[in-house]
Structures are given as structure tokens and as C-alpha cells.
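Participant: Sequence:
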Amino acid sequence: MSFLEQKVNPFLYPGLARPLDKYVLRVIIHTVLNFYGFTVKEFNNRAKSNSRKYSKPRWLIWYFAKKYTKYTNAQLGFKLGHKASCTVSNAVTTLNFFYDTYKEDREIIDALDKQIRNGIFNNNEHGKDI
-10 MSFLEQKVNP FLYPGLARPL DKYVLRVIIH TVLNFYGFTV KEFNNRAKSN
40 SRKYSKPRWL IWYFAKKYTK YTNAQLGFKL GHKASCTVSN AVTTLNFFYD
90 TYKEDREIID ALDKQIRNGI FNNNEHGKDI
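So that you can map any letter, position 13 of the sequence shown is 2 in our numbering, and since no number is skipped, the others follow by simple counting.
Do not rely on the hints blindly, as some may be mistaken.
Stated by the list, open to error - Derived DSS-like pairs: lysine-lysine, alpha-carbon spacing no greater than 27 Å straight-line:
#  : residue 1 : residue 2
1  : Lys11     : Lys56
2  : Lys11     : Lys37
3  : Lys11     : Lys42
4  : Lys42     : Lys55
5  : Lys103    : Lys55
6  : Lys92     : Lys55
7  : Lys11     : Lys92
8  : Lys55     : Lys45
9  : Lys55     : Lys30
10 : Lys92     : Lys45
11 : Lys92     : Lys30
12 : Lys56     : Lys92
13 : Lys56     : Lys37
14 : Lys56     : Lys30
15 : Lys56     : Lys45
16 : Lys45     : Lys59
17 : Lys37     : Lys59
18 : Lys30     : Lys103
19 : Lys30     : Lys42
20 : Lys92     : Lys42
21 : Lys59     : Lys30
22 : Lys45     : Lys11
23 : Lys103    : Lys92
24 : Lys42     : Lys56
25 : Lys30     : Lys45
26 : Lys103    : Lys42
27 : Lys11     : Lys55
28 : Lys11     : Lys30
29 : Lys103    : Lys56
30 : Lys45     : Lys103
31 : Lys59     : Lys11
32 : Lys55     : Lys37
As the list claims (entries may be wrong) - Pairwise CB distance ranges, derived in the manner of DEER restraints:
#  : residue 1 : residue 2 : range
33 : Lys56     : Glu93     : 15 to 21 Å
34 : Thr82     : Phe24     : 20 to 26 Å
35 : Asp10     : Thr90     : 26 to 32 Å
No lab work stands behind these hints, which were simulated from the structure alone.
Treat the numbers as computed from the prediction; the structure is a model and nothing was measured.
Every residue, glycine too, gets a C-beta built ideally from N, C-alpha and C.
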């Protein structure tokens, strides 16, 4: 079972996110990976990689998941790369810094944000596999 398909044990993490959050997370994952030209399978094989090529998409997935879902840092870290909650928090803080400082990162984040919002709100079949 891949990192993106693993289920979080509800006894370890009570009060899991809303059912719609699973759909939103799928939209976020597919949008970010398509933007960077990765398949889900390729990304899963490198889920624990620390190279910038794989870590920046993972940071962006965490960034948008924090923005659009109710998942906690621990849940997101566990779902994507088995990272600690402080790693997720640091990635979100770093991307906020990049957004404020670098024009090219701001453009990338804004473009992805627009694509994600379109993917979430323009598709009424929430259970549909993307």
C-alpha cells in the first residue's frame, strides 16, 4: 500500500477530518503532482526523499491541505512521507516565507491555488476518482 493510500488509524487520531477532506486532498495531490510532472506512483516511490525535486511538491501538498482541509499536521505528515508534525509546520512556514519573498514562488502558489479551487468547486461528484 502506498503512502498516499494508507489509512490513518482512527483510534490514534480521533476526530478525523470530514469525509469531503479526502476528496479535497486527492484534488490537491493530483493538481500539484501534475504541475510538477510526477505520477502518483513515481511520487510514492520517492515519498521519503529529501531532495528538493520531491520535497517541494510535498511541501505544497501540505500547504494547500492545511488551507483547505481539517487535517492536523500529524495526520498530514503521516499520510505523506511519514514525516513528523513539526516538519509539516516548518514546510508551511517556509512556503509562506517564499510566497512573501520570491515572485516566481508566489506565481506558482497562486497558479496552483487557482487550479485547486477550480478542481474542488467545479466538480460536484465528490466520490469520483480523479
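Participant: So which of those numbered hints doesn't the model satisfy?
Facilitator: Hint check: 7, 11 fail, others pass.
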